[in-house]
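Please construct the entire structure, taking both the sequences and the accompanying hints into account.
Chains as they are written, first to last, in the numbering used here: chain A, -19 to 104; chain B, 154 to 315.
By construction, these hints were calculated from the structure, which means they are not laboratory data.
Treat the hints loosely; a few may be bogus.
Cβ pair distances, simulated, as ranges [to be verified]:
no.: 1; chain 1: A; residue 1: 3; chain 2: B; residue 2: 171; range: 19 to 25 Å
no.: 2; chain 1: B; residue 1: 236; chain 2: A; residue 2: 72; range: 31 to 37 Å
no.: 3; chain 1: B; residue 1: 277; chain 2: A; residue 2: 85; range: 35 to 41 Å
Small disclaimer: the values here were computed from a predicted structure and weren't measured.
Where is the CB? At the ideal position from N, CA and C, for every residue including glycine.
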Amino acid sequence: MKILLIDDSKTMRNIQKSVLKQLGYTEIEEACDGQDALSKIGAFNPDLCLVDWNMPVMDGLTFVTTFRQTNKTTPLIMVTTEAEKSRVIEAIKAGVNNYVVKPFTPDLLSERITETLAKCAVGS
Amino acid sequence: MDANMITPFVNAIQNVFSTMFQLPVEIGEPRLKTNRKATHDVSGIIGVSGVMVGTIVLSMPLEAAGSIVTLFTGEEYEADSDDFADAVGELVNMISGNAKAEFQRKGVSISCPSVVIGADHTIALQSGVPCVLIPCSTDCGEVVLEVALREAEVEVSTSAAA
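Below you can see the structure in the form of structure tokens.
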């Protein structure tokens, strides 16, 4: 299971990495914004992406919209401080499969990752 | 400034600190800030734009900031390191984003965070925007959340706020 973490905060990537390692996922690549993610995603070919919304250079929503033009199936989870209902709907319309609002507990993130992978496995 | 603008920040700092590293926050009496001098040596700063404009600052003494960053990250970083600034920035980012979700008015955007570290720095806020200082007491020390916000004079399209 290969996972791409897209967040401009190294702190947040480290926290997410720690949760993923506890879940047994160790093949992890990191990107610091949407553009960086697009440049790495072809070679890394992830099975799941966790993507922040507010980032410099290219934000998460632009990344999701761009990525979904060529890839409809790889599960994407938005992990963001953007908590308004309208933003959640906007992200889902753009193509994310699940949504986690910061701050989150490790348990919540684990639950959403497991849930998303299960749903996407059933749907594929 | 309307109390409705302050309550979301009180809730947000308590939520972020308790959820991310189980640190209870006791809130003191909010008061107006009357000078531009940073309250403490470490400032995490977020700009606000859209239907509301202004600045949010998480101001912490160096020692308290060090303890909080260690709780948050599980690592001990030097105050002049990129990792320390990144953690402080992420804290103010989460507090601001969490508070924004509680605003009655939608169409507010927040910037990526900036962090300033150093004794006696000043933060030039937008003129004409009152700044409310919210004292917060924690087991790591006293920190302050500074909220300088007002409604924008010109209505902007909410779709441009992402």
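To see whether the hints hold, each was checked on the structure:
1. The hint said 19 to 25 Å for the Cβ distance between residue 3 of chain A and residue 171 of chain B, and at roughly 23 Å that hint holds.
2. One distance hint, 31 to 37 Å for the beta-carbon pair residue 236 of chain B and residue 72 of chain A, holds here, with the actual separation near 33 Å.
3. For residue 277 of chain B paired with residue 85 of chain A, a C-beta distance near 37 Å keeps the hint of 35 to 41 Å intact.
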